[in-house]
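Chemist: Chains as they are written, first to last, in the working numbering: chain A, 1 to 431; chain E, 1001 to 1373.
Please keep in mind that the hints were generated in silico from the structure rather than gathered at the bench. Honestly, I wouldn't trust all of these hints.
Straight-line alpha carbon distances no greater than 20 angstroms define the calculated EDC-like cross-link-like pairs of lysine to aspartate or glutamate that follow [said to hold, decoys possible]:
1. A:253 to E:1205
2. E:1041 to A:248
3. E:1292 to A:326
4. A:38 to E:1266
5. A:306 to A:317
6. A:415 to A:362
7. E:1046 to A:317
8. A:38 to E:1055
9. E:1116 to A:362
10. E:1349 to E:1314
11. E:1362 to A:327
12. A:344 to E:1214
13. E:1362 to A:337
14. E:1320 to E:1266
15. E:1144 to A:337
16. A:38 to E:1214
17. E:1292 to A:317
18. E:1116 to A:337
19. E:1292 to A:265
20. E:1144 to A:248
21. E:1116 to A:248
22. E:1292 to A:327
23. E:1362 to A:248
24. E:1046 to E:1002
25. A:344 to A:362
26. A:253 to E:1055
27. A:253 to E:1183
28. A:410 to E:1221
29. E:1046 to A:337
30. A:344 to A:265
31. E:1362 to A:362
A few chain A positions that, by computed beta-carbon distances, are all more than 12 angstroms from chain E [claimed, not checked]:
32. 15
33. 69
34. 77
35. 142
36. 153
37. 204
38. 220
39. 251
40. 253
Beta carbons are placed, not taken as given, at the ideal position from N, Cα and C, and that holds for glycine.
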Amino acid sequence: MASLLNASRPAVFCPGCSHDRVLHALDQALTGMGYTGKDVAIVTDIGCSGLFDTFFNTHAFHGLHGRALTYATGIKLARPDLKVIVTMGDGGLGIGGAHVLSTCRRNIDLTLLVLNNFNYGMTGGQCSSTTPQDAVVGSGFLNKLEKPIDICQVAGAAGAGQVSRASTYQKDLVARLQTAITFEGFSLVDIWGICPGRYTRRNKLTPKSIEQSQTQLPALTDFQALNARMEYGKAYREQAAKLSQPPDPVRIKVTCQAPRTGRTEVVILGSAGQRIITAGELLCLAGASAGCHATQKNDYPITVMKGHSVSEVILADTTIEYTGIEDPSVVIALAPEGVNRRQKMLAALSSDSVVIKAAGLELPPSDAVVVEVDFKAHKIRSQDWTLAALAVMARKTQALTMDMLTAALKLRFKKAVYDTAMAITQKIVAC
Amino acid sequence: MELTLMEGNEAIAWGALAAGCNFFAGYPITPATTIYNTMLKLLPPKGGICLQGEDEIASIGFCLGAAMAGMKAMTATSGPGISLYSEQISFAIGSEIPIVIVDVQRLGPSTGSATKGADGDIQFMQWGNSGGLPVIVLAPVDIKDCYELTVKAFNLAERFRCPVFVAANKEISMTRETFCLDDLALPPIVERRQADARTPYLPFEIKDNGTVPDFLPIGGDRLVRQTSSTHGANGYITTDPDEIAAMQARLNLKIARSVAEFTYFDEYLVPDADTLVIAYGVTARASKEAAKRLQQRGQPVSLLVLKTLWPVPEILIKEKAAAYQHVLVPEMNLGQYIRELQRLLPDKKISFVGQMNGELIKPGQIMEVFAHG
């Protein structure tokens, strides 16, 4: 099998650099497995390990520092048949740590080779996330203060499908790479090596000492057994195949007539859990059922089931330009939380406005016509007050009709909920 | 007329689908989250892919990888996410990766107000990346625009192989609104131009005096190289000043030269007006309402609504503003796009109505300028 290395761009590394050996080992691993250039994508980031893609005659993607796994994930999901190899140094490992963890958790079929030489070779030998605390590097005393990461333990704990630790100099490196490349899922190989240009000028590190250090480390857990599961892309496609097609957007038929022309502004003030937003949507649907344009703007805090909930709806028989509330025709006020958010608006209401309010609720004085409804006396639950208020609105104002509200309920709800909703509207209309 | 009710963000998602988008990745952030929610419903059942990245950097990174493997990709976020996208955006610019980026703007700076609208990223979308090269930014005014401009954004991204922003705003994206699907004016779908299979492929080679290289996907039958480094036609690093200069000039030219072909705008010009309001985004709606009321009051005012913000449609702006003495610029920020107009129209009297309090600029605020002359 012909080498996948780029004959017109021979590898250029510093004399004695471990990357050069890994490069050739990777070439032998890939060709030994029968891959041709178009079967493989090499994805790299910044630093000396980021030179790998230029030396191979394969598909190549050289991106931003630490982000190689993000591109590789996109490529692999788009092209499941492609063999995607990612190379990264201990620099990329540190800067892109979140991506390493997430890729382990995903178990997507990528092979990550960490070319770990314990320092930032390209920028002057500063400390990286794997620099030993007793090493002398280009970051002064700073590396003495930070514990190096053991990426194998971290990756295994994060759910990597396969994790192995290797030395650039071990005889079976090619076979080790092939094991990783063959694995269907995310495999990570932490390959220790020597950076003669920077690291070993001031630190003693030899093939032998690497071997000794690795032997002294506790053996890795059998993460392959521990983290065994389906490959991400395969699992994704399997899950997606079970999904039903999304429904097309609903086209609302005009089935009733709007009670008046022009622009009608409605503001619904309540608290979380009172289905304020749903009521706003119902009003829009009611309007559309009568051929009116509608807009709905909502205001609520980040908390769920607590705090204010405000919905501002505009219905108009012409295109709605400004979507803010200027002169509300109807205000539905159901809870102090919502009322407190619109004190100024409430105080400025004119005699043309109608306020439908829950009994006992305090409002700032204004010229508006107030319709008070005692929902509790009608045995209507708090979460149904908004719906009941819409029914009152249909009965007492020129902004909505019962036909419109009925059409909206039909559009919004399935049979059972629709029936319950209709019963509530009839309860309040009957009184 | 049958109306459809949906949120601006849902319309953006449906527009993306109509444009052939088959890859979406995003990280949830108010007020952009409902784009992701909708894409998650739409794409996987149709064989597309929708992912939630571990952060914004990963989300756009997934998109760039998928785009280079031949998919049509979109991501959506708000100001804080655009900040994190920055380096990836300059990658997409320099390495000619098609992608649609939706910025549902919220009130900043920084974390700001998650549920309040603003147009505070208008300069940031153009200049918030390294290198200083142009991007395309389209700004929707309403729900129909959310749909249509997203389709156009994809077409431009494919045609020019570049990032295209949809500059939305919480006030459009999270507002539910009715529109008629039959009224949509959708352009034919554009696919990126594929390289001729019979000739040798260089990933950044320019042929026939063009400005955009032909595309082949990573993972196809012929080898493709992509790189974030300064590169020549072959996709390998170059240090040749002439080659570098030519590439930079081309990246600038391919967008800047073609803006006339994608200058989207609306105009409401009335005779006898001496003022032209130039607006964009949701503020264009208050402007239109204000112009309507002023007209009724006997104070005619013209309105130009810009939907292509970047590159600045200079020819259009100069042409449309020529007949007016005054120009009024309302913006949901403290004065961003007005800088471009001041630059282009040095002999006009330009006034500004700006606001950053989380609320819409009201028609009345625009009308006040005319009340005071």
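Chemist: All hints, please: hold or fail.
Modeler: Evaluated hints:
| no. | hint | verdict |
| --- | --- | --- |
| 1 | A:253 to E:1205 | 53 angstroms, violated |
| 2 | E:1041 to A:248 | 11 angstroms, holds |
| 3 | E:1292 to A:326 | 16 angstroms, holds |
| 4 | A:38 to E:1266 | 48 angstroms, violated |
| 5 | A:306 to A:317 | 35 angstroms, violated |
| 6 | A:415 to A:362 | 37 angstroms, violated |
| 7 | E:1046 to A:317 | 37 angstroms, violated |
| 8 | A:38 to E:1055 | 31 angstroms, violated |
| 9 | E:1116 to A:362 | 28 angstroms, violated |
| 10 | E:1349 to E:1314 | 18 angstroms, holds |
| 11 | E:1362 to A:327 | 12 angstroms, holds |
| 12 | A:344 to E:1214 | 59 angstroms, violated |
| 13 | E:1362 to A:337 | 25 angstroms, violated |
| 14 | E:1320 to E:1266 | 11 angstroms, holds |
| 15 | E:1144 to A:337 | 34 angstroms, violated |
| 16 | A:38 to E:1214 | 18 angstroms, holds |
| 17 | E:1292 to A:317 | 16 angstroms, holds |
| 18 | E:1116 to A:337 | 19 angstroms, holds |
| 19 | E:1292 to A:265 | 19 angstroms, holds |
| 20 | E:1144 to A:248 | 16 angstroms, holds |
| 21 | E:1116 to A:248 | 30 angstroms, violated |
| 22 | E:1292 to A:327 | 17 angstroms, holds |
| 23 | E:1362 to A:248 | 35 angstroms, violated |
| 24 | E:1046 to E:1002 | 26 angstroms, violated |
| 25 | A:344 to A:362 | 14 angstroms, holds |
| 26 | A:253 to E:1055 | 42 angstroms, violated |
| 27 | A:253 to E:1183 | 15 angstroms, holds |
| 28 | A:410 to E:1221 | 54 angstroms, violated |
| 29 | E:1046 to A:337 | 43 angstroms, violated |
| 30 | A:344 to A:265 | 16 angstroms, holds |
| 31 | E:1362 to A:362 | 28 angstroms, violated |
| 32 | 15 | 21 angstroms, holds |
| 33 | 69 | 8 angstroms, violated |
| 34 | 77 | 5 angstroms, violated |
| 35 | 142 | 24 angstroms, holds |
| 36 | 153 | 20 angstroms, holds |
| 37 | 204 | 34 angstroms, holds |
| 38 | 220 | 24 angstroms, holds |
| 39 | 251 | 4 angstroms, violated |
| 40 | 253 | 6 angstroms, violated |
Violation of the numbered hints given earlier is confined to hints 1, 4, 5, 6, 7, 8, 9, 12, 13, 15, 21, 23, 24, 26, 28, 29, 31, 33, 34, 39 and 40; the remaining hints are satisfied by the structure.
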